[in-house]
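Those protein sequences? They're chains A and B, same order as listed.
Number 182 in the UniProt record's numbering belongs to position 182 of the first sequence; there are no gaps in the numbering.
Number 11 in the UniProt record's numbering belongs to position 11 of the second sequence; there are no gaps in the numbering.
Some clues are possibly wrong.
[Said to hold, decoys possible] Facing chain A, a subset of chain B residues (Cβ under 8 Å, in silico):
1) I143
2) P145
3) I180
4) D187
These are calculated hints, taken from the structure and not from any lab test.
Built from N, CA and C at the ideal position, the CB exists for glycine as well.
Residues per chain are reported as follows:
Number of protein chains: 2
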Amino acid sequence: MATTRIAIVGSGLIGCAWAVSFARGGCDVAMYDATPGVAEAAPARIREMAEEMHGVDMLLGATPEDVTGRIRVATDLADALDGVAHVQENVPERLEIKLPVWAELDALAPADAVLASSTSALLPSKFTEELKGRHRCVVAHPINPPSLIPAVEVVPAPWTDAQVVERTATLMERIGQTPIRMQREVDGFLMNRLQGALLQEAFRLVEQGIASPEDVDIGIREGLAPRWALMGPFETIDLNAPGGVRDYVTRYAGIYETMAPSQRDPADWTGPALERVEADRRAALPLDEIPQAQARRDSRLMALMQFLRGKARQ
Amino acid sequence: MATTRIAIVGSGLIGCAWAVSFARGGCDVAMYDATPGVAEAAPARIREMAEEMHGVDMLLGATPEDVTGRIRVATDLADALDGVAHVQENVPERLEIKLPVWAELDALAPADAVLASSTSALLPSKFTEELKGRHRCVVAHPINPPSLIPAVEVVPAPWTDAQVVERTATLMERIGQTPIRMQREVDGFLMNRLQGALLQEAFRLVEQGIASPEDVDIGIREGLAPRWALMGPFETIDLNAPGGVRDYVTRYAGIYETMAPSQRDPADWTGPALERVEADRRAALPLDEIPQAQARRDSRLMALMQFLRGKARQ
Chain A
1 MATTRIAIVG
11 SGLIGCAWAV
21 SFARGGCDVA
31 MYDATPGVAE
41 AAPARIREMA
51 EEMHGVDMLL
61 GATPEDVTGR
71 IRVATDLADA
81 LDGVAHVQEN
91 VPERLEIKLP
101 VWAELDALAP
111 ADAVLASSTS
121 ALLPSKFTEE
131 LKGRHRCVVA
141 HPINPPSLIP
151 AVEVVPAPWT
161 DAQVVERTAT
171 LMERIGQTPI
181 RMQREVDGFL
191 MNRLQGALLQ
201 EAFRLVEQGI
211 ASPEDVDIGI
221 REGLAPRWAL
231 MGPFETIDLN
241 APGGVRDYVT
251 RYAGIYETMA
261 PSQRDPADWT
271 GPALERVEAD
281 RRAALPLDEI
291 PQAQARRDSR
301 LMALMQFLRG
311 KARQ
Chain B
1 MATTRIAIVG
11 SGLIGCAWAV
21 SFARGGCDVA
31 MYDATPGVAE
41 AAPARIREMA
51 EEMHGVDMLL
61 GATPEDVTGR
71 IRVATDLADA
81 LDGVAHVQEN
91 VPERLEIKLP
101 VWAELDALAP
111 ADAVLASSTS
121 ALLPSKFTEE
131 LKGRHRCVVA
141 HPINPPSLIP
151 AVEVVPAPWT
161 DAQVVERTAT
171 LMERIGQTPI
181 RMQREVDGFL
191 MNRLQGALLQ
201 EAFRLVEQGI
211 ASPEDVDIGI
221 REGLAPRWAL
231 MGPFETIDLN
241 APGGVRDYVT
251 RYAGIYETMA
261 PSQRDPADWT
271 GPALERVEAD
281 RRAALPLDEI
291 PQAQARRDSR
301 LMALMQFLRG
311 KARQ
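One chain only, chain A, in its complex shape (with noise of 0.2 Å):
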């Protein structure tokens, strides 16, 4: 079987990290840039997080310099797009931005490349309806970094082949990554729309006075996302009552019901719960720490997903 070629078009900080993913799982990448110097700062960037990635056990089985020997910067676009099966887009979330890099993917890549987006904000019917190609084209939009986060949501457009759905979730899962097959695209796809009504919930529970910022936080931390970083909350659930899920929502769906008209209103987040939130996370953490906060925090996350790769799925 010959060797899988990959394209990574947008090759800043995420591209970064998906070049790594597709390294580690074998297959080839060409790194471009329009920013001139971007797509040549890669390897420097890419040889680092494949270090990192290798020290928490994340490589597939791969080294470093494996991943590092799989990567080439491209001369130029159609380059870049030379006999791939896949592209992978990451340019900034503006459909100004998108639609021409889209026409000029879909009008330079190998006819059956499958064309896909890591954006988190615009629907793939935004920005690909008038291509020709337009069956095969698809949002795989990362938790960042990809590297170290598996889920990856394929969202197809409404004229999206299912089998382009398929080879870009088979190859997900190839490099190391969880796909999630939507059926159709939605506003927030399905991670965001999860947050967001978590988020929804945090903010109201701050702004109608009921409990700080940071009590939610505990609430979340270290009570209901250990279980749920196990399990998800389905599972969780469903192994919350001794039969099941079925069970649990026998038991306890009244409580929730109760609740829920308290909960139909978005929150305002933008007026004094926003406030409340700003002074209480900069009286924890000022602005000028929030970088060192964030080195803490990734390398936090590293120990905890290399934990939750080996020990704690067994």
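On the provided structure of chain A, position chain B as indicated by the hints.
Only chain B this time, still in chain A's reference frame:
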């Protein structure tokens, strides 16, 4: 300082886990249960729990022998309540059971003892309004088992003294729990409100045929929950934009606003969505294997909590 004395009223699984928490924190604990034999069976169960908790470094430096040595079986309710500073009630979640128990607790407990209920479903006002000592009544609702999961919601009735909330929260901190200080009672308290919001969207995604139950579990388990388990949702978004939470809301609130109208109506948890979740879960896990799956969950959760209290918190 004299040792703090605690009464556990209702000595089943939750009562025993509470006993481990109180005893690891240095309290003397008296076990009582209205059903003959239940309190007598508690010490053996507590010994087993204490050894498990010791194995994952959750006894705050105490030994299993320290824990069991601080626990006694009371001869009757009056004996259990003798000289206590705090009563933790864990009787079944039915008002007709709670009401007479709470009348007894208020009549028999020392005048300065705090009376706390583990209820997840009943507002404290529902079973304390008529009590002479209603100012000292509060809910202290754990996620089971409290010996393993730190979060405890401290929920006042409208007539609960603020000092009673504070004393309860301080006691919780001392025994290794993390208290959530709620400003007032509300259906679902804090954690079930957050879980309810997430489950509504989870059932909605399945009901509308957008994704499978397993896809929802992947999105949380392998996407969002690892960060939430380290930080909670507010700290997560605070670190997801260079300028913190205000910057995050400026950048992304529009995405959440767009999806909010389609998240207003509660999903039907009992219709075709439940059929689908039930069918998929039973295909993944036959009903008669739930007990083994619960045992596996418990051991994975113990390992995860040890990990989270250690390395990932650094």
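With a cut-off of 8 Å, does the beta carbon of B/I180 approach a beta carbon of chain A closely enough for the hint to hold?
4 Å, holds
Closer than 8 Å between Cβ atoms is the bar; does B/I143 clear it against chain A? Give me holds or violated.
This interface hint holds because 5 Å falls under the 8 Å limit.
Would you settle whether the hint for B/P145 is holds or violated, based on the nearest Cβ-Cβ distance to chain A being less than 8 Å?
This interface hint is violated because 12 Å lies over the 8 Å limit.
Per-residue hint verdict: B/D187, partner chain A, C-beta under 8 Å
Hint holds; B/D187 Cβ to chain A Cβ min 4 Å, cut 8 Å.
Hint 2 alone, counting from the list given before, is not met by this structure.
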